[in-house]
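Student: Respectively, the protein sequence lines represent chains R and S. Each residue of the first sequence is one higher than the one before, counting from 1 in our numbering. Each residue of the second sequence is one higher than the one before, counting from 516 in our numbering.
Among the hints, a few may not be true.
[Stated by the list, open to error] Just the calculated beta-carbon pair ranges, DEER-fashion:
#1 P549/S / L216/R: 18 to 26 Å
#2 D104/R / Q628/S: 30 to 38 Å
#3 T107/R / L525/S: 45 to 53 Å
#4 H439/R / A537/S: 54 to 62 Å
#5 D54/R / L596/S: 37 to 45 Å
#6 A537/S / A365/R: 49 to 57 Å
[Unchecked claim] Far from chain S, some chain R residues (derived; all Cβ distances over 12 Å):
#7 I6
#8 M14
#9 A23
#10 V134
#11 R157
#12 G185
#13 P226
#14 I414
#15 G476
#16 T483
#17 N497
[As the list claims (entries may be wrong)] Among chain S residues calculated to face chain R with C-beta under 8 Å, some are:
#18 T558
#19 P591
#20 I601
#21 V609
#22 S620
No lab work stands behind these hints, which were simulated from the structure alone. Note that the Cβ used here is the ideal one computed from N, Cα and C, for glycine as well.
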Amino acid sequence: MTHWLIAPVVLPAMLAPFIVLAARYHIGIQRAFSVAGVVALIVISAALAWNASDGTVEIYQLGDWAAPFGIILVGDSLSTLMVLLTAVLALCVLLYAIGSEWDDRGTHFHALFQFQLMGIMGAFLTGDLFNLFVFFEVLLIASYGLMIHAGGTARLRAGVQYVLFNLIGSTLFLFALGSIYAETGTLNMADLAARVALIDPAETVGIRVASVLLLLVFAIKAAVVPLHFWLPSSYAEAPAPVAALFAIMTKVGGYAIIRVYTLIFPPDVEVTSGLHDLWLLPAALASLAIGMIGVLAAKRLDRLVAFAVIGSMAMVMVSIALFTPTGIAAALYYIVHSTLAAAALFLIADLVRTGRGNVELTAQAPMAGAALTAALFFIGAIAMAGLPPLSGFIGKLLVLDAAFDTDMMVWVWIIVLCSSLISILGFARAGSVLFWKAHSVTHSEDDLVMPRPTTLSYVAVGALIGLLTLHTVFAGQVHGYTTRIAATLFEPTAYSNAVLNTPGKLSKPKKEEEH
Amino acid sequence: MRKGPCKMELLVASAIGIMTAAGLYLLLRLRTFPVILGISLLTYAVNVFLFASGRLTIGAPPVLRDDMTVYSDPLPQALVLTAIVISFGMTAVVVMIGLGAFLGSNDDHVDDQPEDTQ
Numbered sequence: 001m002t003h004w005l006i007a008p009v010v011l012p013a014m015l016a017p018f019i020v021l022a023a024r025y026h027i028g029i030q031r032a033f034s035v036a037g038v039v040a041l042i043v044i045s046a047a048l049a050w051n052a053s054d055g056t057v058e059i060y061q062l063g064d065w066a067a068p069f070g071i072i073l074v075g076d077s078l079s080t081l082m083v084l085l086t087a088v089l090a091l092c093v094l095l096y097a098i099g100s101e102w103d104d105r106g107t108h109f110h111a112l113f114q115f116q117l118m119g120i121m122g123a124f125l126t127g128d129l130f131n132l133f134v135f136f137e138v139l140l141i142a143s144y145g146l147m148i149h150a151g152g153t154a155r156l157r158a159g160v161q162y163v164l165f166n167l168i169g170s171t172l173f174l175f176a177l178g179s180i181y182a183e184t185g186t187l188n189m190a191d192l193a194a195r196v197a198l199i200d201p202a203e204t205v206g207i208r209v210a211s212v213l214l215l216l217v218f219a220i221k222a223a224v225v226p227l228h229f230w231l232p233s234s235y236a237e238a239p240a241p242v243a244a245l246f247a248i249m250t251k252v253g254g255y256a257i258i259r260v261y262t263l264i265f266p267p268d269v270e271v272t273s274g275l276h277d278l279w280l281l282p283a284a285l286a287s288l289a290i291g292m293i294g295v296l297a298a299k300r301l302d303r304l305v306a307f308a309v310i311g312s313m314a315m316v317m318v319s320i321a322l323f324t325p326t327g328i329a330a331a332l333y334y335i336v337h338s339t340l341a342a343a344a345l346f347l348i349a350d351l352v353r354t355g356r357g358n359v360e361l362t363a364q365a366p367m368a369g370a371a372l373t374a375a376l377f378f379i380g381a382i383a384m385a386g387l388p389p390l391s392g393f394i395g396k397l398l399v400l401d402a403a404f405d406t407d408m409m410v411w412v413w414i415i416v417l418c419s420s421l422i423s424i425l426g427f428a429r430a431g432s433v434l435f436w437k438a439h440s441v442t443h444s445e446d447d448l449v450m451p452r453p454t455t456l457s458y459v460a461v462g463a464l465i466g467l468l469t470l471h472t473v474f475a476g477q478v479h480g481y482t483t484r485i486a487a488t489l490f491e492p493t494a495y496s497n498a499v500l501n502t503p504g505k506l507s508k509p510k511k512e513e514e515h
Numbered sequence: 516m517r518k519g520p521c522k523m524e525l526l527v528a529s530a531i532g533i534m535t536a537a538g539l540y541l542l543l544r545l546r547t548f549p550v551i552l553g554i555s556l557l558t559y560a561v562n563v564f565l566f567a568s569g570r571l572t573i574g575a576p577p578v579l580r581d582d583m584t585v586y587s588d589p590l591p592q593a594l595v596l597t598a599i600v601i602s603f604g605m606t607a608v609v610v611m612i613g614l615g616a617f618l619g620s621n622d623d624h625v626d627d628q629p630e631d632t633q
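With the rest of the complex left out, here is chain R (with noise of 0.2 Å):
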């Protein structure tokens, strides 16, 4: 057993502590620390998706006690993907708030940042679901801080609405472990996989309220209508560093349901029947439908990419929501997309706000550095709405396909279809207003003249466009790698037995609990 695969957890825990202790008053330091200390997670990161990448299940015994007594964390394909695609994502949106200077207009930027980082390492790499609620808890109480970065009335104020509903979904999750433990006796996720299995389906009264509930908590994470009430103000009043990093937030979402939804209770167990299919597809379906008509409805370009990101997180739950390999596989190759896209968008909508001041979608007169910023958006939507040639087109078409041989092939490909017409048009409509129009509109004598934004700036959102593009470019290879994943998360024997068969060294692997 080696050490590496808490290090995505505690390399962050270290440096949080660190740049607020010794650091503090010198913002070089931090910035320093910070890169240096993502610049290592994402080696790290690479090296454990690596060792993970031909099926390898590893896992780290903290305390060196087997499960399920002692918690543990699993390093497989699917959850080091995850934590790479974070340590990369982290890597660009700090590059920007160092650029564009979002970090020193407050208080332990990057401090929080870590924690944050620290919080959804953790919440990928967990096998145990109370350590997942621990996590889940880590993060939010960092993104709380981060939220509300800078400060500002109208700040703030989403800030309370923020937190209150993540205070709501968190008491939600205690309910259902509280409801799980009563039903089963553990809460590690492999140990419950196979006592899940054995509960006598007369008596399943209990263990359903636990998984429904369970649903709706990763289901407010993942912004799914109509829980996802707490998205568009949160996203679109946070710093834009701080959104763009939070686009990889609903994909813990997305991730907690693929991982305890084909672990505990996978479609086959007639336990949670009815649940995917009867529930969850409809649901994201609509979270597909209201979040494209909110980014054509949307007066500010802030709240537009807020609703673009309910409706990417909704493609990728509709293809979840499928519930066969093909479409796990089409999911998490349309995760790594809407992660991506939508944080190039969240930092393009802050280099308009830099640009001219505010995001209002009004044509104004045009704004400092206007053209590479349109490029930008240009690209950025057509990635985002789903157009050839980038990878939101090659996600989409296997979402389709995988949907093309299931009863609900129908509604699938006409909502899909219909809500991306809607988010062109939406985006369209932006994109003209804010970079055509504003060219028959001349400055009036009394415009503050806007600062163009840093170069710096620019080659963060650039990096995320050029790891789009080569998202596209080896979409084959990627979309072989998640298919593989997708099967293991089929036959998670290999899981299994790594978590259940490895002895720790303090005590014995299969002791039964007694009750």
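With the hints as your guide, set chain S onto chain R.
Tutor: Positioned in the frame of chain R, the structure of chain S alone reads:
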């Protein structure tokens, strides 16, 4: 089978139910202060609920010994401890943010007001 804990079960179950109901009612109010009170009540309810998820036992130690046949499950107690700490911290955070929002806008509504959504 078990005579002793019957009254206790009724008491614990109704306490959880009443606190949850009151918490939900307060949660649906429009202003920050009742909503925060509602969240606190809900977290109390969930703490007791978690505690009860390990079954209710009277007079049994939460440790395993060789000659011990009846014991109370120690894991929910550890879970409740974690949950209490987290919910306490979260409530403190939301009070501070809510106070900041109230002092900034002189308005403690939780929902968006018509003039600031436009």
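Student: Run through the hints listed earlier and report the numbers of any the structure violates, in increasing order.
Tutor: 10, 11, 12
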